[in-house]
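Visitor: Below are the chains, spelled out letter by letter.
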Amino acid sequence: MTSAVSSSVPRAQKTWTYPPLIRPQTLLIALALLGFLLATGRDVEMGRMVRMTGEAIWATAGGKVDSQVARGLGRIGPSLFPLQMSERQEISRIEGFDRSHLPWLSHLEVVETPIQVLNPDTLRMESRPERVEYLVKPLGYLGHVAVKLWETLEIALWGTVLAILLSAPLAFFSAANLTPSRIAYVAARGTVSFLRAIPELVSALFLVLAYGFGPIAGVLALALHAAGFLGKFYAEDIENADPKPQEALVAIGANRLKVLRFAILPQVLPQYIAYTLYVLDRNFRMATVIGLVGAGGIGQELKGRFDMYNYHHVGTILAGIFLAVFVIDQFAARLRRRFL
Amino acid sequence: MTLVRDKHIAFDGIGKRFADGTQALDGVTFNVRRGAFCVLLGPSGSGKSTLLRAVNGLTSPSQGEVRIDGQPITAQSLPSVRRRVSMIHQHFGLVDRASVAENMIGGALAAIPTWRALSGLYPLPFKRKACDLLATVGLEPDHLRRPAGALSGGQRQRVGIARALMLDPEIIIADEPVASLDPKVSRDTLNLLRQAAQARGVTVLCSLHQVDLALEFADQIVALRQGRIVHDGPPAALSGSAVARFYDASLQPMESRA
Ligand SMILES: Nc1ncnc2c1ncn2[C@@H]1O[C@H](COP(=O)(O)OP(=O)(O)OP(=O)(O)O)[C@@H](O)[C@H]1O
Ligand SMILES: [Mg+2]
Numbered sequence: 001m002t003s004a005v006s007s008s009v010p011r012a013q014k015t016w017t018y019p020p021l022i023r024p025q026t027l028l029i030a031l032a033l034l035g036f037l038l039a040t041g042r043d044v045e046m047g048r049m050v051r052m053t054g055e056a057i058w059a060t061a062g063g064k065v066d067s068q069v070a071r072g073l074g075r076i077g078p079s080l081f082p083l084q085m086s087e088r089q090e091i092s093r094i095e096g097f098d099r100s101h102l103p104w105l106s107h108l109e110v111v112e113t114p115i116q117v118l119n120p121d122t123l124r125m126e127s128r129p130e131r132v133e134y135l136v137k138p139l140g141y142l143g144h145v146a147v148k149l150w151e152t153l154e155i156a157l158w159g160t161v162l163a164i165l166l167s168a169p170l171a172f173f174s175a176a177n178l179t180p181s182r183i184a185y186v187a188a189r190g191t192v193s194f195l196r197a198i199p200e201l202v203s204a205l206f207l208v209l210a211y212g213f214g215p216i217a218g219v220l221a222l223a224l225h226a227a228g229f230l231g232k233f234y235a236e237d238i239e240n241a242d243p244k245p246q247e248a249l250v251a252i253g254a255n256r257l258k259v260l261r262f263a264i265l266p267q268v269l270p271q272y273i274a275y276t277l278y279v280l281d282r283n284f285r286m287a288t289v290i291g292l293v294g295a296g297g298i299g300q301e302l303k304g305r306f307d308m309y310n311y312h313h314v315g316t317i318l319a320g321i322f323l324a325v326f327v328i329d330q331f332a333a334r335l336r337r338r339f340l
Numbered sequence: 001m002t003l004v005r006d007k008h009i010a011f012d013g014i015g016k017r018f019a020d021g022t023q024a025l026d027g028v029t030f031n032v033r034r035g036a037f038c039v040l041l042g043p044s045g046s047g048k049s050t051l052l053r054a055v056n057g058l059t060s061p062s063q064g065e066v067r068i069d070g071q072p073i074t075a076q077s078l079p080s081v082r083r084r085v086s087m088i089h090q091h092f093g094l095v096d097r098a099s100v101a102e103n104m105i106g107g108a109l110a111a112i113p114t115w116r117a118l119s120g121l122y123p124l125p126f127k128r129k130a131c132d133l134l135a136t137v138g139l140e141p142d143h144l145r146r147p148a149g150a151l152s153g154g155q156r157q158r159v160g161i162a163r164a165l166m167l168d169p170e171i172i173i174a175d176e177p178v179a180s181l182d183p184k185v186s187r188d189t190l191n192l193l194r195q196a197a198q199a200r201g202v203t204v205l206c207s208l209h210q211v212d213l214a215l216e217f218a219d220q221i222v223a224l225r226q227g228r229i230v231h232d233g234p235p236a237a238l239s240g241s242a243v244a245r246f247y248d249a250s251l252q253p254m255e256s257r258a
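Line by line, the protein sequences give chains A and B. Under the numbering used here, the residue at position 99 of the first sequence is numbered 99, and the numbers go up by one with no gaps. Under the numbering used here, the residue at position 103 of the second sequence is numbered 103, and the numbers go up by one with no gaps.
It should be emphasised that the hints constitute simulated quantities derived from the structure, not laboratory data. Just so you know, not all the hints are guaranteed correct.
What follows is a list of derived Cβ distance ranges for each label pair [claimed, not checked]:
id, chain 1, residue 1, chain 2, residue 2, range
1, B, Asp-142, A, Leu-21, 33 to 41 Å
2, A, Asn-177, B, Pro-147, 21 to 29 Å
3, B, Asp-142, A, Pro-243, 29 to 37 Å
4, B, Asp-219, A, Thr-17, 23 to 31 Å
5, B, Leu-121, A, Pro-169, 15 to 23 Å
6, B, Gly-27, A, Leu-165, 38 to 46 Å
7, B, Asp-142, A, Val-161, 29 to 37 Å
8, B, Pro-147, A, Gly-54, 48 to 56 Å
9, B, Leu-121, A, Trp-150, 34 to 42 Å
10, A, Ser-79, B, Pro-147, 54 to 62 Å
11, A, Pro-169, B, Lys-184, 45 to 53 Å
12, A, Asn-177, B, Gly-15, 24 to 32 Å
In this text, a Cβ means the ideal position worked out from N, Cα and C, and glycines have one as well.
Put together the whole structure using the sequences plus the hints.
Guide: Below you can see the structure in the form of structure tokens.
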């Protein structure tokens, strides 16, 4: 086989040597990089991480070792189950409750609890059953979580819509081949970096102070950060678009906006759809996080339940978030396939 | 008056030195008659593209000037020049992902208000014209919606020609319009360009690499070598030895020397 290859062509001169796999410079850079990784890895305790994780895996597999990680996870995990599905409400607290028209799928439940009361005749404490009637909706909490998830999705969606509107002019001015002036370019680039540098959670903290609790703060926090992200990526695609069609339009007297619309947008649109779908996906996940600081959505519910030690509720919420992220991902993949 | 009519495009001592020191053109002087089909010949790097791009201001000469109807091209006159001069490109200059219809409108952008261009509410006359021109160059109605990238090379260049006619130009410059097409399609495409131009009295300035096609289609052949004119005259005046002279063997590409 090899002899066939080597004998079929006359030998080339010595100056023809096939490039080696690794050159000395590459090796040197790789070694330097390795040293750097080792040094920084020690700072962030990667050694301890590996040891503890190993112990946890060993302990789970039945090994006789005391693992702090396995113990911790072992306590939290089961406490999330069974997931909370139902919702129970005292009917005395429901305004205008109508016994003959119960909501769909729900039923009444009577709970008798013994309570101690003072008998005025004997002046003794007596145990007496107290009847409390509850309205039980078997899937009530699930419904509540679904509503909150939908609200979160709405926040993510509007965060994305505002981000697109905000990033479009930013991208125009921060693309070197379209920007009308150097000053506009620097200003736009600066704004884009600034927006991207502030994490959603941080801006949400301030926006909650400004706009109060609720979805407005959430939408704005998501929109500002995502506008920085989209502005950067939109602009880079504009700069990398094939210049030939652009020149063809400049040659017949089209202005910048027309060139953008006719020669650049059609080229970059599929990529833009991909970025925007990624932002929608990310915004949904971030929307659950910024809910923690009171910016609306499922995160606010999650924080409340966590603080009240309602771990079964927390379990339902986490399962719901996972499901929603999965569904959004599938939806995005489908859209992406259509356009790419 | 006849003098001006005679010189539709006048190149007067055009020189171009790029920032890196390359002297792409040097003292190029010739005229193109109104309605003529003028072909530029010359080996790679002889300055054909650079010369063509001077006609619509994509490059500005470092010496000399280009005049259209006696009017020199300046920064002030450039917008009006670009309205009257269309261009056809070697790689078609179309946006592959955009539909043929959108690409056609692209040829009329100079005459469409920006808000209409951006909103997609193009003036009806231009939409009509796009259809009429595509029919003239032999495309089918269902090509309109197809992305330009889904057409064959020959079809794409037909779109390129149709697009160049959108604003009824006086001049069409074509930079190697058939470089990526097979010989049969090349001939058909040049035929179409020549006929369309003749029917409308359009002056064509076209660079080619195929001497046979130049001899077949040109009214005037201008040959460049290393940025200088080595021939200017009708095809009949071009002998085989003259052709060999401006395609000097030492400048031929590798493959043809074996
Ligand atoms: N933007 C530029 N900067 C520097 N040099 C350039 C530039 N454009 C062209 N040149 C040089 O100018 C010379 C003429 O180039 P030009 O593209 O006009 O040749 P051409 O005749 O069109 O060649 P081809 O037949 O290969 O298209 C070449 O040497 C080229 O390298
Ligand atoms: Mg060229």
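Visitor: Any of the earlier hints contradicted here, and which numbers?
Guide: Numbers 1, 4 and 6, in rising order.
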